[in-house]
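First to last, the protein sequences are chains A and B. Taking my numbering, the leading residue of the first sequence gets 1186, the next gets one more, and so forth. Taking my numbering, the leading residue of the second sequence gets 40, the next gets one more, and so forth.
No wet-lab data here; the hints were simulated from the structure. One should not assume that every hint holds.
Claimed, not checked - Derived coverage of chain B by chain A (criterion: at least 3 residues anywhere in the stretch with Cβ under 8 Å from a Cβ of chain A; other residues may be distant):
no.	segment
1	79-86
2	108-115
3	148-160
4	243-256
Heads up, the beta-carbon is just placed ideally off N, CA and C, and yes, glycines get one too.
Below, each chain spelled out in residue letters.
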Amino acid sequence: MAELYEELGLTEDEYRDVVRLLGREPNKVELGMYSLMWSEHCSYKSSKMVLSQLPTRASYVLQGPGENAGIIDIGGGLAVAFKMESHNHPSAVEPYQGAATGIGGIVRDIFTMGARPIACLDPLRFGDPSRARTRYLLGGVVAGIAGYGNCLGIPTVGGDIYFDACYDENPLVNVMCIGIMRKENLTRGIATGVGNAVVLIGNRTGRDGIGGASILASQEFDETSQEKRPSVQVGDPFTEKLLIEACLELLEKGLLVGLQDLGAAGLSCACSETAARGGVGMKVWLERVPLREEMEPFEIVISESQERMLAVVEPEKLQGVMEICARWGLNAVVIGEVSEGDLLEVFWFGEKVAEVPASTLANGPVYDRRAEKPEYLAEANSLDIASLSHPTDYDRVLLELAGGPNLCCKRWVYEQYDHMVQLNTVVYPGSDAAVLRVKGTSKALAVSCDGNSRYVYLDPYLGTQIAVAESARNVVASGGVPMALTNCLNFGSPERPDIFWQFREAVRGLADAARHLELPVVSGNVSFYNESFGEAIYPTPVIGMVGLIGNLAHRRTMGFPAEGLLVVLLGETMAELGGSEYLHLVHGLTGGRPPALDLSREKVVQTTCIEAIRRGIIRSAHDCSEGGAAVALLECCCYGERGADLRAESDLLPHEWLFSESQSRFVVTVAEEDLGSLRRLATVRGVPLQVLGRTGGRRLRINDWIDLEVAEMRRAREEALERILSGGGHED
Amino acid sequence: MRFGVVVFPGSNCEADCYHVINKVLREDVEYVWHQETYVSGYDCLVLPGGFSYGDYLRCGAIARFSPVMDAVSSFAREGGLVIGICNGFQILLEAGLLPGAMLRNTSLHFICRFVNLRVENSSTPWTNRAAPGQVLRIPIAHNEGNYVVDRDTHRRMVEEGRIILRYCDGEGKVSEEANPNGALDNIAGICNEGFNVFGLMPHPERASEEILGSADGLVIWESIMAYHAERG
C-alpha cells in the first residue's frame, strides 16, 4: 500500500492515522475513499482552524456553513440559499468542461437544499490578455458557462473578470448560485431512520473525474498538468435540468428525508457525509450502481461523474419517488440503506469491500499550518508613488483605464449568457449589482461578487476587508440592504508558510469586516494549490454578497437618469494610488499600500446611501472603486447615455483626485430640491459630501482636466474587450 | 381564452410563458406534457424556448418526435393557433410545420440581448395590434437563430407576406448591422401558408412587463387575444 497512498495524495502520517482509526491496514477501496475525503478539497484540513473565527450567525440565518449551501430568511415565508465554489484546476486543464461542470456542481448544491436556482454569477480571473493561451482559456470558460448554464434555464446575471499575469497558468473560475425556496421545503444532506432506502438518482457512473478532488484540486500544476485531462468530468446539462425539476418535485411533495449531491469524491463523500451528519451507518451495494462502462469497486466509490444525487427515502415513499424520477426520464436505483451504528459498509456482489466509520471519512485531519510573513511585502509596500512621473493628458489616461482589460465593459461575455430567463432580472448585468425581483412580492434581491487581488497581494488583511466592503457597497448602490455573504478563497499552497500567512491574514480581514458590517458568512469554499511551476497566484478571496431590496421601487442603477440632476460624491477622496488600476496601467506597477478602510466610516456611508435611496432622495448611485472617481463618473455617463459638467474642489493633484481608489465613496445623483435632505442624512452620520455639478449634455467635463464626449467614452469601454481578445498579441 | 404551453424535457421558458399568460394577460393557461397524444380545448398552443432533449443533436430534431407533436400537427392542420418561440420555432421547423432551417449564429456564440424588430405584416393573428412597420424591442437568446430557406420558398414567403418580423435598427431600417445572427433577409419570425402557425426567435414573454425593460412583446400576445375574440 505504501506506493499507492502516496500516489493517491495521502501523506505518510495520514496513512498511519487511517491504520490507527481502522485498527488495521486499509484495503484499496478504503484507501481510495480516505485519500479523496482527506484531500484538501474535501476535508478543509488546512483551512478549518482558521475559518472557525468567521461570524456565521444572525437572527435571519436559517443555515450556516457545513451544509451544501447557506440559507437566509427574507420574510413572507421565503428563504434564499446561496453559495460560491471554485472550479479552477479543471478549467485550466479543460476550460469548457471545467467551467461547465463548475456550474453543474454549484447548482446542485442549491437545489439539494430545496431551493429553485434563480441566478448564477461567475467571478473569473485570467492571465495576460495578450497571450494566446489566455484567449483560449477565456473563450472556453465563457462558452462552458454559457453552454451549461443557458441550457439549465438559470440566468447568469453577474460576476466579474480581471486579468493579471499571475493567473497565466492558473486561471480562476468561481461560480456562485442563488436559489429561492419556501422555508418549509428546506432540506438537509442528512441520512436518518434506520432501514430507510438510499437512492441514487440521475446519470450513470463512469470513469470520468476519477480522483478529481485529490489529483486536480489539491495539487499544484507542472508540465504534466495536461495529462490530468481525464480527471476532468464531462457535463450533461440536460440531465441536470431534469434533476432540478425531479428533485424539486420530490421535495415539494415531501417524499425525501435527506438529499445530497454527488460532487468531489462521488459516492464516498455523499454517503459518508450524509451518514455522519445523521449519526447513523449506511450499507451500500455497489453492484446496483448503474454504470456506463465496466468498473472496479474502487473506481465506483470515487468516480466524480456528474449529475447524480443521493436521496434518503422512507420505504413507504419509495414507490412515489420512483414514479416521479421515471416521469422525468431519470435513473433511480436503491443502492443502499441507512443502518445502525456509524459504519459505512460497502458491498460488491455480496462481498464486503469496505468498512469504515463514516465520521472518520467526513471529519478528516486538521492542520495548524505554519505561517510566515512573505518577504515580497516590505519591498512592494515601500513603493514611492509620489516620486513617479505625473500624467498631463488626463483624457487619454481615463480612456485607457476605461478601455483597459480590467475596467472595460464585459458585454462580450455576458451577452453569451442567458441573463434574462425566469423573468426575474430587473437590473441586467453592467451596473453595480444584478437585481432579481422575487415574484409574488414587492421585494428583490441585489447580488454582487467582488475581490481585488492586487489589494490582497499588498495587504491580505486590508485587501480582504475591502472586498467585503466593496461587495456590500455594490449592493447598497443598487438599493439593497446587504444581508449575508458567501466566499471563495483562492490561494497557493497552504504548505508554504508565506502563502499560509496570506490566507490567515485574509480570513482575519474577512472575519473582522463581516463582524463590523454585521454580515454573517453563511457558506464558502477554499481553493488551495493555485500555483504553477512554483509560482502562486495573487491571494484572491472573492466575496459574494446578497442584499434585500424591500421595495422594488427602491432599485437603482449607476446611470445618470435625467438631465439637470446634481452629481454628489459621498465620502472622502485621499491620495491613495497604491495598488490602483492607474498605477498598473500607466506605470506597469503593483505596489504601495492599498487604500485605507475605516469600517465605521464604511458603515455610515452605506447607511446614508441606503436611507437616502429609500426616501427617494437618491436617483442613481454608483460605488467608486477601481479607476477612482473619474472612472466611476465615466461609467455613470455611459450607462445613462448622458454627460455631466463637474468641478472638483480639492488640494489633491489632478491625477490623485481622478484616479485615487479611496474607499467608502459613492457617486450619486439627486434633484436640486432634495440636496438639503441628503445633506442632513449625511451630516448626522458624519459623512463628507461634495456637490460636483450637474448631469446633462453629451460631454463629461471635470475642471479643466477631463473633457470627453460620452459617445467616445462608450466606444472606448464597449469595444475594448473584443479588440483585446481578437488578438494582436503574441502567440506562445 | 385558453392557452396550452407544451413542455418538453429540457424546455426552460415554459414557466415564463405561463407567468405572462396567467399573471400579465390574466388568461387561462395549462401545461401540456410532451407525452400527451391528444390535445383539445386550447385556443392557442405555445411551444416555449429552451433546450429540448438538451439539443444535443440539431435543435428541435428530437423534440419533433415527441408524442405531443402529432397532436400539435393535427391541431395546426385544423387551423388552431400555434406559436413557437426560439427553441419552439426550431421544433416547428424540424416538424415541417414551418419551412426552412436554423444554422448557428455567424458569431458562433450564444447571444442574449434586446434587438429591434420591424413588423412586416400587421394583418396576421400575431401582429394585428401592431401598426404597419412598427418597431418592437424584444430580446433574443439563442445559439442557432441563423435562419435559412431555399430561394423559391423565400420568394413565395415574401409574396404572401409570411415574413412577419425582421431584425432592424432603432429607426426600423433593416440592415446587415442590425442582423444579430446572420439570418437570411434579417428574418426573425415567419408564418405558414394559413398564418395560424408562427415561429419567431425573439422572446415576447421576456418583453411583456415594463419592469423587465420593454413591454413591446404584449403587441404579440394582445394580437392573439384580439384575433381570438374576433373569430369567436
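Hints and how they fare:
With 0 residues bearing a CB less than 8 Å from a CB of chain A, the segment 79-86 of chain B misses the requirement of three and the coverage assertion fails. Closer than 8 Å: that is the beta-carbon criterion, and the segment 108-115 of chain B has 0 residues meeting it against chain A, so the requirement of 3 is violated. For the segment 148-160 of chain B, the stated coverage by chain A holds: 5 residues have a C-beta nearer than 8 Å to a C-beta of that chain, and at least 3 were required. By the rule of at least three residues with a Cβ nearer than 8 Å to a Cβ of chain A, the coverage given for the segment 243-256 of chain B holds, with 6 such residues.
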